[in-house]
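Given chain F, work out where chain Z should sit, using these hints.
There are 2 protein chains.
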Amino acid sequence: MNRLCVHTITTKPLSVEECFRQYPPRGVAGITIWRQALEGRDLPSVKRQAADAGLDIVSLCRGGFFPATTDAARQSAIDDNLRAIEQAHAIGAPLIVLVCGAVPGQSLVESRKQITDGIGSVLAAAEHAGVKLAIEPLHPLYADNRSAVNTMRQAHEICDALGSPKQLGIAVDVYHVWWDPELEEQIKHAGRTGRLDAFHICDWKTPTVDLLNDRGLMGEGCINIREISEWADEAGFKGYREVEIFSDKWWGEDQAFFLDQIASRYSQTYS
Amino acid sequence: MNRLCVHTITTKPLSVEECFRQYPPRGVAGITIWRQALEGRDLPSVKRQAADAGLDIVSLCRGGFFPATTDAARQSAIDDNLRAIEQAHAIGAPLIVLVCGAVPGQSLVESRKQITDGIGSVLAAAEHAGVKLAIEPLHPLYADNRSAVNTMRQAHEICDALGSPKQLGIAVDVYHVWWDPELEEQIKHAGRTGRLDAFHICDWKTPTVDLLNDRGLMGEGCINIREISEWADEAGFKGYREVEIFSDKWWGEDQAFFLDQIASRYSQTYS
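Residue numbers (this note's numbering), protein chains in the order written: chain F, 27 to 297; chain Z, 27 to 297.
Keep in mind that the hints were calculated from the coordinates and are not lab data. None of these values were measured; they are calculated from a predicted model. Accuracy of the hints is not assured; some may be wrong.
Repeated chains share a single entry, so a pair holds when one copy, or any two copies, can fit it.
[To be verified] Mimicking DSSO-like on lysine-lysine, the simulated pairs with C-alpha atoms at most 27 Å apart in a straight line are:
id : residue 1 : residue 2
1  : LYS38     : LYS73
2  : LYS275    : LYS231
3  : LYS139    : LYS192
4  : LYS139    : LYS231
Bound conformation, chain F alone (with noise of 0.2 Å):
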């Protein structure tokens, strides 16, 4: 259970705070925090009561949405990135997670260049802050407006395109990689590359009936979460297993009762 975070969105319902309190008792180590759960939050305090609460901050969702057709709409992505930075920084979070974006209609070649160039434009500044970037492919059934990196090889091509920089590594969510004939060849090259940097699980449902908020708590679906989860320890991923979930139908659940089921699938999926 020591290496088991929970995302604020899996907990959608909760506000910070209360997930500072329910999660811990749980067995629950590190919390990934998305931007939406900070507003109106002074940063440094949210800083203090995680760390009182015995909770690791494991990383910050999320960056990216680099691409656009226009360069003043980029450069407004490059801003909020360095903001994203900013408050990573503040509130002691090692990593952000990068959903790095699309436009649908733009081929996704020319997106990708523009991703590319977009964490080109901060990697400087994630340095300075200390904070880690790391490029989460998405499964490509979002490849029209979500994401134009949508297998782990074109994240790595992307990390190989700016020189390897320290700064940069890959975020693998078994949801959006499941399928990739390529992915334990591509997970243990991440692990030689040094870019292992985050690990997202959940589950795939059969049928699934929304393409954004139906996904599963782990052991509801196909996905061979342990198995993945084993190559990326043999890769040398020490990290934490952190729950992703976004479901309309756990959101109407009572969260507590929820974070009790998280807590014993997530034992019983690494027993």
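Quick look at chain Z alone, frame taken from chain F:
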């Protein structure tokens, strides 16, 4: 317009006889017939009616669904594919499109092995009937329960594993493969290997509100249909461009109006 083909499922509310009446006046030259449209019909009569309407029967949809957890269920799938081959022969369809299948929770590697074995079991019958089989890679969105073959590369690997039989090729559907960074290269490879046997078009809408039945008419979404079509043509493809749209929205419209829209959007796409 002489390369425009429409799938009967695209105009699901119409009987196959109504398709024969309504397609030709819009300039539709080919028809791909779904098996459910044949229920209760005399197959040689369907063949004659298509010829009388001046419509080429382009393919029969669909075979496949080979993976299963028991020997009996896998044999049952093989038997069903043998029936599909007989049906295709009876209506004069030169090709059967294979949606290869997947079983939630069974590893994709095992499912691909069962798919390869399944196709291998029916190749001789296909050859004897003069019917080709085309593996249709499905979007990774469907890797849980519809197809463990999610890229053209995987389709090629199955063709290779079976010794590149003349009877086996690939059906490219832009909806399923548009996101693939290897797409152009894999289409070229399909051309070189003589495997480029079918080409399906529709569009990817943003947002997509249903995982199965919210495909767009050409131009309603973000897919670079024209560019992908040119890659296919440059690879030597001279066949039909088959409009295959599953859409609760369009099925709810007057189908004569929908067919007018299909013809008009097809012309715009390729003008």
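Comparing the hints with the structure gives:
1. LYS38 - LYS73: The answer is within: 19 Å in one copy meets 27 Å, while 57 Å across copies does not.
2. LYS275 - LYS231: both (12 Å within a copy, 25 Å between copies)
3. LYS139 - LYS192: within (20 Å within a copy, 40 Å between copies)
4. LYS139 - LYS231: between (33 Å within a copy, 23 Å between copies)
Against the hints set out earlier in the document, no violation occurs for any number.
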